[in-house]
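Heads up: the protein sequence lines correspond to chains A and B, in order.
When we follow the numbering used here, the leftmost residue of the first sequence carries the number 52, and every step to the right adds one.
When we follow the numbering used here, the leftmost residue of the second sequence carries the number 135, and every step to the right adds one.
Honestly, the hints are just simulated from the structure, not real lab data.
Each hint should be verified, as a subset may be incorrect.
[Stated by the list, open to error] One-sided excerpt, in silico: chain A residues whose CB lies under 8 Å from chain B: (1) G157; (2) D165; (3) V168; (4) A183; (5) G223; (6) G230.
Note that the structure is a prediction, hence the values are computed from the model and not measured.
Note that beta-carbon positions come from the ideal geometry of N, C-alpha and C, so glycine has one too.
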Amino acid sequence: MSKTYHLTAPLSDEDVVQLKVGDIVYLSGIVYTARDTAHKKLIDLMDEGKELPFDVKGSVIYFVGPTPPKPGDPIGSAGPTTSYRMDSYSPRLINEMGQKGMIGKGKRNQEVIDACVKSKAIYFGATGGAGALLARQIKSAEVIAYPELGPEAIRRLEVVDFPLTVVNDTYGNDLYEIGRAKYEIKD
Amino acid sequence: MREIKYEDIVKAVRDHIIYSGTNLSKDALAALNKAYEEEESPVCKEVLKQLLENADIAANEARPLCQDTGLAVFFIKVGEDLKVVGGTLKDAINEGTRKGYEEGYFRASTCVWNTRANLKDEIGYNLPAIIHFDLVAGDGLEIEYAAKGGGSENVSRATVLPPAAGREGIVNFVKGVISDAGPNPCPPIIVGVGIGGTFENAAISSKHALFRTVGTTNEDPTLNDMESELMTKLNNLGIGAMGMGGRETVLGVHIEANPCHIASLPVSVNVQCHSSRHTSFKL
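Construct the complete structure from the given sequences, taking the supplied hints into account.
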């Protein structure tokens, strides 16, 4: 049976090892946004031995490119983008920099799943296409790097009870495979 | 010859873009409600509940349903006896698109293919629109519009089958595309299938099929039968809402078919996420 947790980011090893696929997590605290282009820039900085624009250790990165905020709002609609585009970058951030969480939607490759086991990290799924609903849980947003990327800039978000489902846990499980096998009807 | 003002087209396009980006189309909303009622999987039922809540919030607060407000896609039937005064029809569609996206606080998502630089400051906010014109008799102007997101576009595929593959080959191709797509295109999805014509005809037909009202039957009994078969087979994949495992994977399968070359059987599958933002209007 799936369990429900309330956690605060940044996350520790103790936070993540208790989680299993299908568990519901309401996440509060600090989350950073990054999509493909920002991820590539982070990896380039690592290759050059330079400092990254935020402390990746324990961090949760949300794969999102929000709409522009309406006047008075911290952020526009902000649901997850498809995560496989970050597959070539995530393992290094997890294994070498200590990233603990990713928020997105859609399948990850085996390298990401392996990194989640090896270095204890979680891939969380958020509901794609629920951008207006999810934005309500984001209390502040500040661009901290690459403003020229517009919606793809790195933002520091303060979130409260952001609703997530554990898709890949630290034990190598994949909710997409388990869930689908349960409901598949063979011809 | 009927005359229509450039500004009137710009305003109508702008208004329809903002409305459909914040108000989920009625057919998609009804289909999501039905999926919510019928879903057995608790985790998918929760996802569907969130989607219905999201549609409510977006409509009530005039917020984009999804942060991917898409590229603007138009199918336009222009009467040969219609004249646009004060500018060209194409410019009016693009200007209406720019205004709709910018003034609706929608995301500008067009970029240069290789540098990935966002084009909003160079050629305009979320421009160019993708426009398919059709010249028809009379003096009418009929515009079909949809906002097409990237996630569902990324899993879409086209191929040219040998004629011997036939109906079974088409069904298997569609099933393979949707099975491979899994959770990525934001299910429950609408599946547009284009058959026949040339390679590009099939792709364009599969796009246009997505503009049809969800829940309607195909006028062609052969295609309608294929749609029913595909609905069952695709839902049997067990993908479910957001791929978490469930019964409700597909809200509709829409097929458009064209005559084709004696040597070929082109097939294209274009996928639409659950956030189906489409509309049509006449001016």
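Quiz item: Should the hint that G223(A) touches chain B count as held when the rule is a Cβ pair under 8 Å?
Solution: Constraint on G223(A) not satisfied, violated at 18 Å.
Self-check item: Interface restraint verdict for G230(A) against chain B (beta-carbon cut-off 8 Å)
Solution: 2 Å, holds
Practice problem: Would you check whether G157(A) satisfies its interface hint, that is, whether its CB is within less than 8 Å of any CB in chain B? | Solution: Status holds, d = 4 Å.
Quiz item: When the nearest CB of chain B is found for A183(A), is that gap smaller than 8 Å?
Solution: Since chain B brings a Cβ to about 4 Å from A183(A), closer than 8 Å, the hint holds.
Quiz item: Does the nearest C-beta of chain B fall within a distance shorter than 8 Å of the C-beta of D165(A)?
Solution: 19 Å, violated
Quiz prompt | Restraint satisfaction for V168(A) [CB to CB of chain B, less than 8 Å] | solution = Violated, about 20 Å.
Of the numbered hints listed earlier, those contradicted by the structure are 2, 3 and 5.
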